[in-house]
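Undergrad: Here the structure of chain A is known, so what remains is to put chain B in place on it, guided by the hints.
Read off the chains here:
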Amino acid sequence: MTDQPAPLKRVLRFMGDNPIIPLIILLIMLIGVLEYMRPGIVNERWMGNTIKFAIPLAMLAACQTLTMLTGGIDLSAAVAATISAFVMATQVPIMGVPLAICIGLIPAILIGLVNGFGVAFCRVHPLIMTLGTGLIGTGCLQVYQRFVIATGSVVPDGLAWLGTGRTWGLPNSLLLFVPFAVVVIWAQRRTGFGRLLYALGSNQTASRISGVRSWQVLLALYALSGLIAGVTGLLYVGLIKAPSLSLVNPLLLPSVAAAVIGGTSIFGGRGGYAGTIVGALILTVLGTLLTLMQMPEGARRILFGLIILAVTTIYIRLTDQSR
Amino acid sequence: MSRIVARHGWTLGLLAILVLLFAFTKVIQPNFGPTGLDSLSRATLPFAFATAAMAIVVIAGGIDLSVASMMAVAGVTTAVMMDGAGTGMTLFTVVAVLVIGLGMGAINGALIVVTRVPDIVVTLAMLFVWEGVALLILKAPGGAATPWLREIIVGPFLVPWLPKSFVFLVVCLAVVWIPLRRSRLGLSIYAIGSDELAAYRSGIAIGRTRIIAYALCGLFAAMGGLTLTMSTGNGEPIPGPYLMASVAAVVLGGVVLGGGKGALLGPIIAVFILRLVRMDLTLMSVDPNVTTIVEGTIMVVVVMIGGVLAMRGRRQ
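Going down the list, the protein sequences come from chains A and B.
First residue of the first sequence: 125, per our numbering; consecutive thereafter.
First residue of the second sequence: 101, per our numbering; consecutive thereafter.
Same shape as in the complex, but just chain A:
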């Protein structure tokens, strides 16, 4: 890389410095393939639908992105989201909508706090810690379900409007997502908290020596991740309209994939939320593409896995962040 930059190398380096550009190119290429396969499919309605389904994925991927910045991961996010959606929906008939939403978010934050406690004080690897709390959460949810089996569940109209409705062709969930994304992107670059995440992820010892109290940051981070997951769950139940015990779980691995494709390093210190959003869009378009090809379910999963691998490989080559 030190010799005279040839035109190709300059392009590559430019892409390496602005990793979101190759991702957007990939997204446009995928949409192009889709339009080529089924001319006329790419219209306003399709875009609205794609965005609608990409938003919960992108929000759940925010949990992964933020925790990955510190070198962690949040595998309990999907369970936290499911719990808050299910608890909220079953509490609505008893408590009324506003109170039910608050009650629904409490377990999600609690899961986040437990994660934060384990990671910050006991130094448990976040992967293990969050897998474990996810397991506990699932068990608690199943026990909880037996107590409320008689009350039934209601998805509030407001959430259904937010999840599925559209205004002037645009999905209403953008109302929630755009401010959310702006705040996350602003916070990760411009606030002290955001910079501490990058600092902890790049070099924990160095940040400790420079006076960062890592336990405060980690505790706040995982609690925040739980809260985001809870909100995602509420939004997603508005979209799906049928609360179940495994509502958000299918989004877990795609949310990790979205963050990784979006260029956030799983080892911490690199990446950001903007890439993750594009990653979530890429995965959603990819899903449509694979459905359109009418492949057997098995072949779809194989292709999905291979594409994640291919995109990450190319991406790591471009940004040269392997070591």
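Source of the hints: derived by calculation from the structure; they are not laboratory data.
This one's a predicted model, so the numbers in the text were calculated from it and none came from an experiment.
Treat the hints loosely; a few may be bogus.
Calculated lysine to any residue pairs in the SDA-like style (CA-CA distance at most 25 Å, straight line) [stated by the list, open to error]:
hint, chain 1, residue 1, chain 2, residue 2
1, B, Lys-361, A, Val-302
2, B, Lys-239, A, Leu-416
3, B, Lys-239, A, Arg-424
4, B, Lys-239, A, Pro-374
5, B, Lys-239, A, Met-419
6, B, Lys-239, A, Gly-411
7, B, Lys-239, A, Pro-420
8, B, Lys-239, A, Ile-431
Covered by chain B, according to a simulated footprint, are these stretches of chain A (three or more residues, beta-carbon under 8 Å) [what the hints assert, rightly or not]:
hint, stretch
9, 251-257
10, 262-274
11, 367-381
12, 417-424
13, 428-436
Ideal Cβ positions, reconstructed from N, Cα and C, are used throughout, including at glycine.
TA: Same frame as chain A, now just chain B:
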């Protein structure tokens, strides 16, 4: 003697817990005997193989999230090939499935080495791929296992207190692990897990060793899938809860995530502890969902204590 205790303190502690748990089981279920042991041992088999598979890559400094999916591939392949098969075909199937396992693991390892993508991401992607392969082989649960092969893991061996399945497990693990542990290759696996740069500088072929570690992981996963089909009698394309359980048992068994430390004995004892806890709770007629909570809590508390102990150790 005290050196042995100091070196294997963690394993001995686990063994003590296991003995206590057995005593506890005998107390709450006075007629707990050979039958109970047999069913415990048989239920533990696939978990034990999954744990062995996970342990070997964790020792090599990696992680393999696709263990459960590889087991599913091995399981359905067994079920499809053994459906109505004779003796010759059955033996061929066993060999073929083990080779397929080695192959799947080697593919995982090779992809990690060639693409230089973090192992978590590669095996996450391969989790989807192997799951897809299993679904292509068999869409819904089906197939069959050769009856005489199933007999291998049912019933006691020589004495009533020794289940055949336990002997089967020990033999399978020992055949792979003991020669490995005594060879240069085994040392290399520990070396790359402990310090990759130092291993590289001492002339270890990092890439090759890593691929072999993942291939062995695939081999154990294939054994797991094989025993799964042997014990249930049909193939199941959807992966079971083995990923989670294997990570828990590996951590509980004293293998440090990050690599270079631990062995196979600890995780295997740990997996028996986790299964026995589950069985005890069932015997006490606790709601199975509460059992899940208890299991998860045990796992989390154990890794928390482990983390605190590791931190203390570093300070001293």
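Undergrad: Which numbered conditions among the earlier hints are violated in the structure presented, ordered from lowest to highest?
TA: 1
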